[in-house]
Amino acid sequence: MITIPYLTAVSTYFSYGLLFAFGQLRDYSRRIFDWWSTNNLHGYAPICLAHEDFYIRRLYHRIQDCFGRPISSAPDAWVDVVERRTTKSTRCLNLGSYNYLGFGSYDEYCTPLVIDSLKKFSPSTCSSRVDAGTTSVHAELEECVAKYVGKPAAIVTGMGYATNSAIIPVLIGKGGLIISDSLNHTSIVNGARGSGATIRVFQHNTPAHLERVLKEQIAEGQPRTHRPWKKIIVVVEGIYSMEGEICQLPEIVSICKKYKAYVYLDEAHSIGAIGKTGRGVCELLGVDTADVDIMMGTFTKSFGSCGGYIAGSKDLIQYLKYHCPAHLYATSISTPSAQQIISAIKVILGEDGSNRGAQKLARIRENSNFFRAELQKMGFEVLGDNDSPVMPIMLYNPAKIPAFSRECLRENVAVVVVGFPATPLLLARARICISASHSREDLIKALQVISKAGDLTGIKYFPAAPKKQEEVKDTIKLD
Amino acid sequence: KITRENSKAKSFASPLLWANDIFCSKSTGISWNSLAALCWIHRAKMDTNLVEMFRAGLNWVTMALDAPSARVVLFGVRIQWHIFVEVLLGFVIVILLSQKSYKPPKRPLTEQEIDELCDEWVPEPLIPPITEDMRHEPPVLESAAGPHTTVNGKDVVNFASANYLGLIGHEKLLESCTSALEKYGVGSCGPRGFYGTIDVHLDCETRISKFLSTPDTILYSYGLSTMFSTIPCFCKKGDIIVADEGVHWGIQNGLQLSRSTIVYFKHNDMDSLRSTLEKIMTKNKRSKNLRRYIVAEAVYQNSGQIAPLDEIVKLKEKYKFRVILDESNSFGVLGRSGRGLAEHHGVPIEKIDVVTAAMGHALATEGGFCTGNARIIDYQRLSSSGYVFSASLPPYLASAAITAIDVIDQNPELLVKMKQHIALLWKGLKDIKGMSLASDPESPIVFLKLENSSGSTKEDLLLLEKMADRALKEDSLLVVSSKKSFLDKCRLPVGIKLLVSAGHSESDLVKVSESLKRLASELLL
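Protein sequences, first through last, are from chains Y and U.
Our numbering puts the first residue of the first sequence at 1, with every later residue one more than the last.
Our numbering puts the first residue of the second sequence at 1, with every later residue one more than the last.
Just so you know, these hints were derived from the structure itself, not from any lab.
Don't be surprised by glycine CBs; every beta carbon is placed ideally from N, CA and C.
Any given hint could turn out to be false.
Unchecked claim - Result set (DSS-like, lysine-lysine): computed pairs, CA atoms no more than 27 Å apart in a straight line:
#	chain 1	residue 1	chain 2	residue 2
1	Y	Lys-88	U	Lys-236
2	U	Lys-473	Y	Lys-445
3	Y	Lys-377	Y	Lys-346
4	Y	Lys-231	U	Lys-489
5	Y	Lys-174	U	Lys-489
6	U	Lys-458	Y	Lys-120
7	Y	Lys-88	U	Lys-266
8	U	Lys-236	Y	Lys-230
9	U	Lys-183	Y	Lys-120
10	U	Lys-210	U	Lys-236
11	U	Lys-237	Y	Lys-119
12	U	Lys-466	Y	Lys-314
13	U	Lys-458	Y	Lys-314
14	Y	Lys-119	U	Lys-154
15	U	Lys-417	Y	Lys-119
16	U	Lys-266	U	Lys-103
17	U	Lys-473	Y	Lys-120
18	Y	Lys-174	U	Lys-237
19	Y	Lys-174	U	Lys-183
20	U	Lys-172	Y	Lys-120
21	Y	Lys-346	U	Lys-458
22	Y	Lys-445	Y	Lys-147
Said to hold, decoys possible - So these bits of chain U aren't anywhere near chain Y, every CB distance computed over 10 Å:
#	residue
23	Trp-81
24	Ile-114
25	Ala-391
26	Asp-431
Said to hold, decoys possible - Residues from chain Y shown here face chain U by an in silico Cβ test under 10 Å; the list is partial:
#	residue
27	Gly-23
28	Gln-24
29	Pro-75
30	Ser-165
31	Leu-171
32	His-323
33	Cys-324
34	Thr-331
35	Ala-465
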């Protein structure tokens, strides 16, 4: 629940209206201008009609220097951000990369092992897993992941996004029902659409609404024919990347057990980042992994590699290996990346002989909690639960999006700003991702810069504590 | 005018005369309601007397009823008593019409009923029971997947990797990967929009554009996701796509996600394509904003055929369709210098609107790319879901791609060697029994189609799997037997695929021909 101050809502609507009006004016004059010039389509239909990419042309392109900034070094705590159109780069503090445990750059244990496996196995196997793409490293990786996550078996694919798109159609088809959280990731939405099952949405992170939807749907049955559903899968995420919230897993699992629905948990951001030993949201909230039927995750965020996995019972994984298109047709995950994941898991569990893993986990928890507390003390509106390394800072107004981003970059702090369509129209935000490789000094510097930029752009919507914050009057609640 | 006196004489006259009499005479004022009764009565053959008596009685009734309103004058018109009857009847009609029609009352389910339904409902198990054939384990490699590899400690000749130019294990690639790993680590830790754009990605895109002489390129992080992200980006609901029926699953998924109208044409058959395009253009009115696409693969993964690009381009220009071409298995392979199908057929590459390719084949790295004119590529950077919502390609794989393209540019003899090997393999497999060569003689995928299918695809697949297993166990050969997921809608014949590489030696090719001929004669006859 985000409460937006009344005045801010009015001014945000007004800003968007102004931008929209200017955009339309420019489009109109462009159309008049083009009246005289010839059309170079020669009878083909235009690939994109004017109104389809209006937002991109007239709003996004004004601030496109805030997005897609190229870097020329590893995405570590400090990164070299390249100045566009030059070859110069500036060293900035990196608050935008998903580098939760600090494996995103050269690591003293992992990288030599990765280079060894590169020399032995080559960057790619050029073959799908069932033909000649399974090496001993892949087999070891799947065992390792299964053990780490706490399930009997696992299957690994080369891309997290493709995992969702390729696995959900195998598990459920026409005649089934998928109930997904309203703020689920695009990959889940695409996989659900591709499966042909009926999709229903429940209010974000509200188990009571999920129960209502489940009861209603089971009683009604399939649309129009009212036949009973073949099966129901409830899809939730561990940490929601735009809110920083942790899913209320114990309640959701108990509801699903009561109504005999299957639970699909997407731990893209939470695996390796939360929990005492980094085993994700199940460990943090004390949920038995046997209760969650399908656990999915990606290796891009906490393990500094690429790819995704699905963990479940042995039969489930065997079935997926036989039918999943990503396993049968796509090139297998690159062997050095697989080795990186194995080494990263070993470091986290302490099996490499040092306690760097435990240190990293403790440090990310400390860093996240410290940073969030400090930001809230300064008066920023920060979303997300405690322990979550993702913290969005609300901006609301479209003009503040580029202002905040450019101001921070001027002070050598690289932040990520997100607007429509990744977030609702009024709720633009800046998203901070904390890493275990940030030191206390880095964080203090970041806080200073963000505070200064926040003062300049006026985003300290709450009064600066020391006392407990009170709700601002005249607020309107927005989901 | 027929008067009363006239009709009296014709008392058995037809009802029409009688009706005329009634309505023409104002003194009686008898209305339609009475007419029905009177006609009925008159139809019965009556006595003149009876009729006369009846008429006298009727006259009396009329007088009596007229009496009260005899003096009522409204708006200068004298109101007659039949008006009251008509008004009353009018009221009755209005009341009946305004009544609600009978609907059985809606009774929503009670809480208890909902609970009972929820308790009774039994879902299907998440997966169907596992059968024996699902437990088949693939071979596990213990060294790089080059032309020779190690399985279970034995040296095995590998015809299952799409390593067409033998770049797996090439020192230059390994060198550039090692330096990239030391500089950038393994992953890129973010999508392209949020600090995941590393300078090697930009260099890779520029290098590919230069190699293919196209304005711009965009890199994807996974080969399979290239097609199923590109197609929904350009094709929306209502557009028309004409696709080959033998396209692989990635393209099929993209077509399904785009929600456009899809028409399939017969595999690699240009006549079928022509007639399909004709039909579409005559059926649909030429809507100005309706987008039309042809989707094809350069070298089909499921059958090894090569698409005749010059004919496709001629058809496209005639009917104003745009072409989306998947060059995964032809990039670096076809054409004099490896620039793909366009060079092979002598077609300028600007004529193909969108070219996509997976780099997991000739380039011996991972990921994919899409090439075309600047507007198309720019559009994808913001609307392609596999690009915007997914982490970018690991930087060492991008630098491997750059090095691989450099190697291809500098060593054109690799292509010549590969083509020679394909020719040798064709010679060796010419007279194999039970199977026939179904791929194009120039394609690096040599496809042996099963001639006598047993009727059930499952049986065929099991047989081919047995053949591949025996080839591995007895002759130390890795070959590809067709695999089908139930999600794959392609209905092309199944068979054994051999992926020829420039790194194979002549003895390898001879060995595989002999072995397959022997196994085919043992298992298929």
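Hints and how they fare:
no. : hint                     : verdict
1   : Y/Lys-88 with U/Lys-236  : violated, 41 Å
2   : U/Lys-473 with Y/Lys-445 : violated, 63 Å
3   : Y/Lys-377 with Y/Lys-346 : violated, 38 Å
4   : Y/Lys-231 with U/Lys-489 : holds, 23 Å
5   : Y/Lys-174 with U/Lys-489 : holds, 16 Å
6   : U/Lys-458 with Y/Lys-120 : violated, 37 Å
7   : Y/Lys-88 with U/Lys-266  : violated, 54 Å
8   : U/Lys-236 with Y/Lys-230 : violated, 30 Å
9   : U/Lys-183 with Y/Lys-120 : holds, 20 Å
10  : U/Lys-210 with U/Lys-236 : violated, 31 Å
11  : U/Lys-237 with Y/Lys-119 : violated, 47 Å
12  : U/Lys-466 with Y/Lys-314 : holds, 24 Å
13  : U/Lys-458 with Y/Lys-314 : holds, 23 Å
14  : Y/Lys-119 with U/Lys-154 : holds, 20 Å
15  : U/Lys-417 with Y/Lys-119 : holds, 25 Å
16  : U/Lys-266 with U/Lys-103 : violated, 54 Å
17  : U/Lys-473 with Y/Lys-120 : holds, 24 Å
18  : Y/Lys-174 with U/Lys-237 : holds, 20 Å
19  : Y/Lys-174 with U/Lys-183 : violated, 48 Å
20  : U/Lys-172 with Y/Lys-120 : holds, 14 Å
21  : Y/Lys-346 with U/Lys-458 : violated, 41 Å
22  : Y/Lys-445 with Y/Lys-147 : violated, 39 Å
23  : Trp-81                   : holds, 58 Å
24  : Ile-114                  : violated, 4 Å
25  : Ala-391                  : violated, 4 Å
26  : Asp-431                  : holds, 26 Å
27  : Gly-23                   : violated, 16 Å
28  : Gln-24                   : violated, 20 Å
29  : Pro-75                   : holds, 4 Å
30  : Ser-165                  : holds, 7 Å
31  : Leu-171                  : holds, 7 Å
32  : His-323                  : holds, 5 Å
33  : Cys-324                  : holds, 7 Å
34  : Thr-331                  : holds, 3 Å
35  : Ala-465                  : violated, 30 Å
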